[in-house]
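Colleague: For reference, the chains in residue letters:
There are 2 protein chains.
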Amino acid sequence: MNYYKDLSQEALIKRRDMLEEKLEIYKAQNLALNMSRGKPCTEQLEISNDMFQYMGKTDITQELDYRNYGLLDGTRAAKTLFANILEVDASEVIVGGNSSLILMYDTIIKAMLLGNNDSDKPWVKEKKVKFLCPSPGYDRHFSICESLGIEMITIGMNAYGPDMDEVERLVKEDSCIKGIWCVPKYSNPTGITYSDEVVDRLASMETAAKDFRIFWDNAYVIHHLYSEHDRLKNILAACKTYNHPNRAYLFASTSKVTFPGAGISCIAGSEANMDFIRSQMSVQTIGANKLNMAMHTDFLKDMDFVAEHMEEHAALIRPKFEIVYKAFDKCLGEKNIAIWNKPKGGYFINLDLMPGTAKAVDQLAKSLGLVLTPAGATFPYSKDPRDMNIRIAPTYPSLEELKLAMEVLCACIEYVCLNKILDND
Amino acid sequence: MNYYKDLSQEALIKRRDMLEEKLEIYKAQNLALNMSRGKPCTEQLEISNDMFQYMGKTDITQELDYRNYGLLDGTRAAKTLFANILEVDASEVIVGGNSSLILMYDTIIKAMLLGNNDSDKPWVKEKKVKFLCPSPGYDRHFSICESLGIEMITIGMNAYGPDMDEVERLVKEDSCIKGIWCVPKYSNPTGITYSDEVVDRLASMETAAKDFRIFWDNAYVIHHLYSEHDRLKNILAACKTYNHPNRAYLFASTSKVTFPGAGISCIAGSEANMDFIRSQMSVQTIGANKLNMAMHTDFLKDMDFVAEHMEEHAALIRPKFEIVYKAFDKCLGEKNIAIWNKPKGGYFINLDLMPGTAKAVDQLAKSLGLVLTPAGATFPYSKDPRDMNIRIAPTYPSLEELKLAMEVLCACIEYVCLNKILDND
Numbered sequence: 001m002n003y004y005k006d007l008s009q010e011a012l013i014k015r016r017d018m019l020e021e022k023l024e025i026y027k028a029q030n031l032a033l034n035m036s037r038g039k040p041c042t043e044q045l046e047i048s049n050d051m052f053q054y055m056g057k058t059d060i061t062q063e064l065d066y067r068n069y070g071l072l073d074g075t076r077a078a079k080t081l082f083a084n085i086l087e088v089d090a091s092e093v094i095v096g097g098n099s100s101l102i103l104m105y106d107t108i109i110k111a112m113l114l115g116n117n118d119s120d121k122p123w124v125k126e127k128k129v130k131f132l133c134p135s136p137g138y139d140r141h142f143s144i145c146e147s148l149g150i151e152m153i154t155i156g157m158n159a160y161g162p163d164m165d166e167v168e169r170l171v172k173e174d175s176c177i178k179g180i181w182c183v184p185k186y187s188n189p190t191g192i193t194y195s196d197e198v199v200d201r202l203a204s205m206e207t208a209a210k211d212f213r214i215f216w217d218n219a220y221v222i223h224h225l226y227s228e229h230d231r232l233k234n235i236l237a238a239c240k241t242y243n244h245p246n247r248a249y250l251f252a253s254t255s256k257v258t259f260p261g262a263g264i265s266c267i268a269g270s271e272a273n274m275d276f277i278r279s280q281m282s283v284q285t286i287g288a289n290k291l292n293m294a295m296h297t298d299f300l301k302d303m304d305f306v307a308e309h310m311e312e313h314a315a316l317i318r319p320k321f322e323i324v325y326k327a328f329d330k331c332l333g334e335k336n337i338a339i340w341n342k343p344k345g346g347y348f349i350n351l352d353l354m355p356g357t358a359k360a361v362d363q364l365a366k367s368l369g370l371v372l373t374p375a376g377a378t379f380p381y382s383k384d385p386r387d388m389n390i391r392i393a394p395t396y397p398s399l400e401e402l403k404l405a406m407e408v409l410c411a412c413i414e415y416v417c418l419n420k421i422l423d424n425d
Numbered sequence: 001m002n003y004y005k006d007l008s009q010e011a012l013i014k015r016r017d018m019l020e021e022k023l024e025i026y027k028a029q030n031l032a033l034n035m036s037r038g039k040p041c042t043e044q045l046e047i048s049n050d051m052f053q054y055m056g057k058t059d060i061t062q063e064l065d066y067r068n069y070g071l072l073d074g075t076r077a078a079k080t081l082f083a084n085i086l087e088v089d090a091s092e093v094i095v096g097g098n099s100s101l102i103l104m105y106d107t108i109i110k111a112m113l114l115g116n117n118d119s120d121k122p123w124v125k126e127k128k129v130k131f132l133c134p135s136p137g138y139d140r141h142f143s144i145c146e147s148l149g150i151e152m153i154t155i156g157m158n159a160y161g162p163d164m165d166e167v168e169r170l171v172k173e174d175s176c177i178k179g180i181w182c183v184p185k186y187s188n189p190t191g192i193t194y195s196d197e198v199v200d201r202l203a204s205m206e207t208a209a210k211d212f213r214i215f216w217d218n219a220y221v222i223h224h225l226y227s228e229h230d231r232l233k234n235i236l237a238a239c240k241t242y243n244h245p246n247r248a249y250l251f252a253s254t255s256k257v258t259f260p261g262a263g264i265s266c267i268a269g270s271e272a273n274m275d276f277i278r279s280q281m282s283v284q285t286i287g288a289n290k291l292n293m294a295m296h297t298d299f300l301k302d303m304d305f306v307a308e309h310m311e312e313h314a315a316l317i318r319p320k321f322e323i324v325y326k327a328f329d330k331c332l333g334e335k336n337i338a339i340w341n342k343p344k345g346g347y348f349i350n351l352d353l354m355p356g357t358a359k360a361v362d363q364l365a366k367s368l369g370l371v372l373t374p375a376g377a378t379f380p381y382s383k384d385p386r387d388m389n390i391r392i393a394p395t396y397p398s399l400e401e402l403k404l405a406m407e408v409l410c411a412c413i414e415y416v417c418l419n420k421i422l423d424n425d
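So the sequences go chain by chain: A and B.
For what it's worth, the working numbering labels the leading residue of the first sequence as 1, then goes sequentially.
For what it's worth, the working numbering labels the leading residue of the second sequence as 1, then goes sequentially.
Hints may be right or wrong, so weigh each one.
Since the list gives no way to pick out one identical chain from another, each pair is judged satisfied if it fits inside one copy or across any two copies.
Using 30 Å as the maximum straight-line C-alpha spacing, the simulated DSSO-like pairs for lysine-lysine come out as follows [as the list claims (entries may be wrong)]:
id: 1; residue 1: 125; residue 2: 233
id: 2; residue 1: 127; residue 2: 210
id: 3; residue 1: 57; residue 2: 301
id: 4; residue 1: 359; residue 2: 121
id: 5; residue 1: 366; residue 2: 22
id: 6; residue 1: 210; residue 2: 125
id: 7; residue 1: 57; residue 2: 326
id: 8; residue 1: 128; residue 2: 210
Hints in this document: simulated from the structure, not taken from any laboratory.
Given the sequences, and given the hints that come with them, work out the whole structure.
Modeller: Have a look at this one:
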């Protein structure tokens with residue numbers, strides 16, 4: 001608390017009162033600012049509108065009539081696109097509809113009821129089913145576990161990924177632990193990319209459950225913000241190296257490449273895993289929308305085009321990340337009440353406040369018309385043990401809205417923290 | 001066996017030999033004819049190609065930006081379309097992706113693991129879970145049950161629907177019976193439409209399981225072949241009348257209206273059911289592809305347009321149904337070895353042969369290059385207790401292919417049946 005330490009009690013109270021006035025002024029403005037989700041902005045959607053011209057216009061009958069039934073696991077071109085994105089073989093890819101989340105949910109609910117291809121029995125027949133949840137993490141992963149009755153174990157995150165000592169210790173001794181959630185690149189929300197050592201340890205570790213699975217949600221695999229990219233070791237290759245070829249399920253989608261509500265998605269993994277999933281899928285569906293796949297692959301052409309396209313996204317959202325950094329540097333820098341990261345990709349900035357203040361900041365912001373991702377949402381059961389984490393999602397608001405939102409947020413943070421400091425004195 | 005009864009043993013053998021020669025000739029032709037699935041033909045796909053022009057071209061931002069996340073249960077226009085098709089309220093509809101089958105699977109697997117909104121416990125916690133399967137019925141319904149470990153009880157089908165005496169008796173005494181599969185209009189494969197009495201009895205019957213559900217797969221609700229339409233009583237209204245508002249889940253899709261591989265689908269039912277499903281769905285997905293919904297509803301405009309569009313389909317496939325009738329009348333008429341129906345809609349003709357001959361006919365046809373829906377597939381566990389049912393799916397082949405296929409099929413049927421008659425003599 002260096003900055004405030006140099007101030008007298010009187011000066012601190014004065015500053016708190018000044019902030020209170022500032023908050024009153026914001027309140028009077030009836031603001032309606034929303035930074036709750038990692039949602040692309042309208043300008044980002046516009047850059048994919050050229051895709052529409054390809055709907056039904058290409059040779060949709062070369063492989064099989066894409067309008068009709070057939071091709072359970074997707075078109076050849078869509079499998080190739082995701083194979084290139086995830087650096088796996090096209091035979092290791094199954095293409096889904098507009099949501100990779102539903103592929104994750106589906107994979108887990110089927111394992112619960114039926115087991116996976118390495119299970120002796122359905123997961124639901126175990127005493128308990130547990131998942132490791134590196135946190136802060138993605139709230140929707142945790143909601144899947146909660147809704148399916150899976151016990152979540154919070155694992156700390158550091159600059160290299162999950163706390164691997166803890167992960168290794170737990171999976172080795174507890175056969176009820178069936179999975180771990182990972183957003184390995186430009187992690188949601190901490191922005192870090194797993195180190196090679198973390199990937200190797202995940203792939204090689206000894207697990208008590210032989211049907212243990214890594215849910216490798218590579219949601220931001222090509223979502224760089226700067227020309228210098230983070231590099232992520234290939235988990236599927238690592239799992240093969242360490243003789244656990246079936247351990248990892250990989251997920252990706254074009255939700256933040258083309259359209260969040262109308263993209264294509266995939267699950268990838270060993271051929272044994274894919275064969276097993278295909279055999280179950282054949283009971284569920286005749287396969288996802290192939291016309292949408294063709295529209296996507298015709299528009300996205302090749303990996304060079306994809307890279308250029310992602311640079312267009314970056315050009316639109318990088319200034320937003322920088323507004324956040326600038327506001328934090330200016331308003332919170334040297335006050336020692338918050339730390340934040342500056343990720344090289346992804347959709348989030350991770351903000352850690354003084355312990356015990358995140359919920360209060362969230363509530364105060366909300367009362368002023370600024371909606372954040374609910375404090376705690378980035379932890380299992382929405383319980384941030386130290387009540388300090390806030391996920392900043394800067395992509396959706398306009399530049400002007402975001403500047404104002406950051407002013408409001410910084411004032412809220414400082415006000416809540418200052419009160420805490422004064423209370424503690 | 002009137003026709004053959006008038007023939008001498010010698011004449012029968014002569015006819016059998018003649019058929020054998022005929023089959024040899026077909027065999028030499030190396031035919032490749034496929035009538036296995038109820039699959040629209042290419043000409044049917046062509047009549048929806050105008051839809052492509054609407055992709056992304058309409059006001060996709062009026063309700064919410066259809067390109068972005070949001071609208072979990074579908075666009076207003078898509079809900080209205082299915083509400084009109086199923087004669088329910090738009091608030092009673094949730095719109096899905098390109099497969100209604102996946103909605104059925106999903107509803108059942110979630111009930112297995114979590115129960116439905118009227119359950120005391122997950123279905124998987126019951127001693128056993130059983131479904132009633134009016135048969136012949138739709139093989140993919142039965143595959144869902146089989147894959148999820150649900151015991152299937154075969155129920156006879158008659159001209160008015162399932163054998164309701166049997167249905168009522170079973171559901172009243174056995175609380176493990178959690179559901180019944182119904183294709184109530186232009187039924188797959190028997191072509192009949194449930195009578196008002198059957199609908200009323202399904203809606204009003206006493207069930208031992210309070211969380212019992214009717215899976216009302218109205219796949220052919222607007223799929224008429226002739227100007228005279230079958231009329232189906234509204235199951236949801238009936239369930240409300242009899243104070244079982246949550247009993248029925250209704251399903252429909254545009255798979256055989258626009259494109260089988262790229263349509264839109266829905267589940268419908270009471271608002272309590274829909275609220276429950278929405279609450280579970282919110283964990284799985286951000287909702288199905290809204291751009292595809294908008295493309296569909298812009299193209300399909302209103303129910304008058306839909307009716308005209310379905311008449312275009314009928315004009316293309318009616319001649320195919322009539323080729324089948326003509327061939328059966330000519331080759332099998334008065335021989336008393338087969339009976340078949342002439343449905344007023346749907347995708348199938350139901351053919352019942354002499355008991356104990358269907359598998360042999362299927363195998364013989366296959367050996368000559370004619371692939372049928374596998375004999376038995378229309379029954380639970382693929383076991384037709386009397387081995388007599390064959391599902392004829394006439395829509396996909398061309399008129400010429402279909403004529404040839406029917407010649408081959410009729411020869412196979414007569415040959416197998418004649419052998420059986422000769423063996424029995």
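Colleague: Compare the structure with each hint and give your call.
Modeller: Hint check results:
Within a single copy, residue 125 and residue 233 get their C-alpha atoms no closer than 35 Å, and across copies no closer than 42 Å, so neither meets the 30 Å cut-off. For the identical chains of this complex, residue 127 and residue 210 are neighbours both inside a copy (16 Å) and across copies (28 Å), given an alpha-carbon limit of 30 Å. Taking the closest pair of Cα atoms, residue 57 and residue 301 come within 30 Å of each other both inside a single copy (15 Å) and across two copies (22 Å). With identical chains, the CA atoms of residue 359 and residue 121 are never at most 30 Å apart, being 41 Å at best within one copy and 35 Å at best between copies.
Taking the closest pair of Cα atoms, residue 366 and residue 22 come within 30 Å of each other only inside a single copy of the chain (15 Å); across copies the shortest separation is 81 Å, beyond that limit. When the C-alpha separation of residue 210 and residue 125 is checked against a cutoff of 30 Å, the pair qualifies both within a copy, at 15 Å, and between copies, at 25 Å. Proximity of residue 57 and residue 326 under a CA criterion of 30 Å is satisfied in neither setting, with 46 Å inside one chain copy and 39 Å between copies. Proximity of residue 128 to residue 210 under the C-alpha cut-off of 30 Å is found in both arrangements, the shortest distances being 15 Å within a copy and 28 Å between copies.
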